[in-house]
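Number of protein chains: 2
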Amino acid sequence: MIEHMEFELSKEYLEAFTQAVDAKEADFVTSTLNGVNPADISEVIRELDAEQTKFVIDLLDVEVGAEIIVNLEEDRQSLFLENFTADELATFVDQMDSDDGVDVINELPIEKREEVIASVENEEKAGYILDLLRYEEDVAGGLMAKEMIRANLNWTIQQCIEEIRKQAENVEKIYSVYVVDNEGKLLGRVSLKKIILSEPDALVADIYEEDIVSVGTHADEEEVALTMQKYDLEALPVVNVKGKLVGRITIDDAMDVITEQAEEDRQMMTGISGDVEEDDTVWVLSKARLPWLVIGLVGGLLGAKFISLFEKDIALIPAMAFFIPLITATGGNVGIQSSSIVVQGLASYNAFEDTLLKKMLKVFFVAVVNGIILALIVFGIVIFSTSDQAMAGTVAIALFSVVLLASFMGTVTPLALDKIGINPAMASGPFITTANDLLGLTVYFMVAHFLYGF
Amino acid sequence: MIEHMEFELSKEYLEAFTQAVDAKEADFVTSTLNGVNPADISEVIRELDAEQTKFVIDLLDVEVGAEIIVNLEEDRQSLFLENFTADELATFVDQMDSDDGVDVINELPIEKREEVIASVENEEKAGYILDLLRYEEDVAGGLMAKEMIRANLNWTIQQCIEEIRKQAENVEKIYSVYVVDNEGKLLGRVSLKKIILSEPDALVADIYEEDIVSVGTHADEEEVALTMQKYDLEALPVVNVKGKLVGRITIDDAMDVITEQAEEDRQMMTGISGDVEEDDTVWVLSKARLPWLVIGLVGGLLGAKFISLFEKDIALIPAMAFFIPLITATGGNVGIQSSSIVVQGLASYNAFEDTLLKKMLKVFFVAVVNGIILALIVFGIVIFSTSDQAMAGTVAIALFSVVLLASFMGTVTPLALDKIGINPAMASGPFITTANDLLGLTVYFMVAHFLYGF
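So the protein sequences, as listed, match chains A and B.
When we follow my numbering, the leftmost residue of the first sequence carries the number 83, and every step to the right adds one.
When we follow my numbering, the leftmost residue of the second sequence carries the number 83, and every step to the right adds one.
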């Protein structure tokens, strides 16, 4: 139970709120949203369109408005931001941390970006944003904020406290003070707890923690998240190639990386393109799902074409048709299992990874074990129920081959995708299932053709 | 790039290290691990067996050993802990936060649990652990630690600082001081930043932040994670039904919940039972994958049995067999897409959720749109390539029906599973794909039977 705001975030409130917005009743909006956590207001905003959102944000404090704009879903941000002038946007950006500011600016058309940055009053912030624009969004440099507290190695604790006071407004969340040398090179950190417990005249050099984990600006966002998770960090300093402290990533951003990654993987695996949700429109949902269904359809038609080559065989022995779903389904299941284990291995950082050869050998052995067991089960059941040795042999051999092939495909495909920079989770999606279907059918009918001696 | 320790975490080091452990060369172990971050030592430990692990942990500082034990993978913890006596374990638990301590104790056999708790020296910690044992592992009470800083509303900042000093050793990470009244009811918080910037004689009552988000002890772990993510919190206070502050959840635990959930979902979706990884043995991997493959096999055999009912039809018109994979594959794809969107909706907290009826209607319309488009494509292609109207009609109608049915199944199944307390992600797994296969075949052959007028 989230203790506060429970009442206001109700369906009834939303209805009253939307009506008030449409009737431009500013009083209702400001009075009911007064003091409400911006994260909660963002949930209400989610239900509004661009124009309604603009109306509400204009009525709120600029800090609250800034936070709401940051919280807008990425796919709606650029549309919603069109309603604001460059000057208005600059006022909001002024209130954002530089990492959020640059994310918002990245959603704007190029011309407007420069206008907004030029209009940001806080010159330091404008400089920060210009600096951050240089980085890709999915590396440490694109995640970090420039706002943080840094202390020189030669300072006293009192000087650190002065610096915190000076920066208090700029840096919302402070966990540590980062210690740098005269060249700005990151040396370590002093936690706020230690600052509180130390004498004001204590020297940073005497008490700082030297063992500090940092990442380079070009570290991949997943590496950032894994590092923060491994070392249980709430903030991670970012250094450039020379070891100079250039920014700080906070845990909320790492957490977003993890959930977005999981979401993207799921969509890849289920063949849904784009970031759709249950409450999108029928048309958006259809459109997101159709491409992969059509690919599956094309695969199915190719399969049909392929099976038709064996039309005469099927006319003679219709039982051959019976086991088509068994073969394709097993191929699909094995392929997805294999690729899933590989994808998981790729996602988790492991210092002592097996070589590719060792991996492939293990995949091969697992496939052999499972293939033999499944083939034996099927052989037994088919022999028992039909006494057709040729059929039982065909299905068993085909099944065994399919397990082997699908394991191989399921292992190689994500590795290959990863090598060329495509999300390997795609290898667990409909495309590969379809490919495995075709492969399985080929094996099945070839084996049958051979065993029956057509 | 993780800046420090890069060299030691190499394959060569691991080899030398394992040899040293087997040869009981204590010197090599202590000298190379001296000063190394426990999270990194844990990665080395991952590669060792229970006995080797015991040898290494015994050589390390007890705090480091405690952290390594906490970091052990859950499925190996209970096995590894067998090698330690209750007294030894108590020494380690003494060094852990109460939430980690209770997790470790939960892995022990019941008799040993009491022994360990009785041997924990710090009586306050023992009490904490006894208290935490009452909660299920997957609710807020099971995630929280009892260690935190609480301040009475009537205190001064100086008194808060004294309390922090007193608790400094017990509470490793301090983000805020929680403000309570005389009955222990949670009123708000004061951030460490504010404590540093306030005068020592300032009153907590004057400066504390009243707008605080908390959860109840029985809140589900996913709700905890979503709440922390929504409000960007690094720590979340937990209150009992009377509003009394009873514990605190830190962000690292919420992050673990999110990754474990994503992992579990993926395994459900791919039909792998248990928490297996690429580097498990061939046998473990086979065993984790076989159950679902066998279920798929049984489904495939049922499918074979079912198709065999139409043996005569197939002998007359072998072309009926051609489209079996098309029908089953499309059913599978549509089913997985639908369930995936539902599962995603269930996982994300939404205050303004659509009613079930509205959801189902939307699913229905999406299915109709996609079904019609796919059916038209297939009808066109089959007519064009075979001129067989009955066949084109059969495949198109069957495909349309399969899309509708699979959408329905894919939507209802996860909702039903969720209702009865089973992870809804299972609805995207092989079990449902198999059910959809059978359903699709039924529709296909019934339609064919009818249209061809057998």
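Hints are computed from structural coordinates only; laboratory data are not their basis.
Be careful, since some hints might not be right.
Intra- or inter-copy, both count: the list cannot distinguish identical chains.
With a Cα cut of at most 25 Å, we get these calculated DSS-like pairs of lysine-lysine [to be verified]:
#1 LYS312 <-> LYS255
#2 LYS440 <-> LYS93
#3 LYS369 <-> LYS194
#4 LYS369 <-> LYS440
#5 LYS255 <-> LYS276
#6 LYS441 <-> LYS93
#7 LYS394 <-> LYS276
#8 LYS93 <-> LYS106
Tested hints:
Proximity of LYS312 and LYS255 under a CA criterion of 25 Å is satisfied in both settings, with 21 Å inside one chain copy and 16 Å between copies. Only between protomers do LYS440 and LYS93 lie at most 25 Å apart by alpha-carbon distance; the minimum there is 14 Å, versus 56 Å within a single protomer. Proximity of LYS369 and LYS194 under a CA criterion of 25 Å is satisfied in neither setting, with 30 Å inside one chain copy and 58 Å between copies. Taking the shortest alpha-carbon separations for LYS369 and LYS440, only the inter-copy value of 20 Å comes in at or below 25 Å, while the best intra-copy value is 42 Å.
In this assembly of identical chains, LYS255 and LYS276 lie within 25 Å of each other by CA distance both inside one copy and across copies; the values are 16 Å within and 11 Å between. For the homomeric pair LYS441 and LYS93, the shortest alpha-carbon distance between copies (16 Å) is at most 25 Å, but the shortest distance inside one copy (53 Å) is not. When the C-alpha separation of LYS394 and LYS276 is checked against a cutoff of 25 Å, the pair qualifies neither within a copy, at 83 Å, nor between copies, at 83 Å. When the C-alpha separation of LYS93 and LYS106 is checked against a cutoff of 25 Å, the pair qualifies only within one copy, where the shortest distance is 20 Å, while the shortest distance between copies is 66 Å.
Comparing the model with each numbered hint stated earlier shows that hints 3, 7 do not hold.
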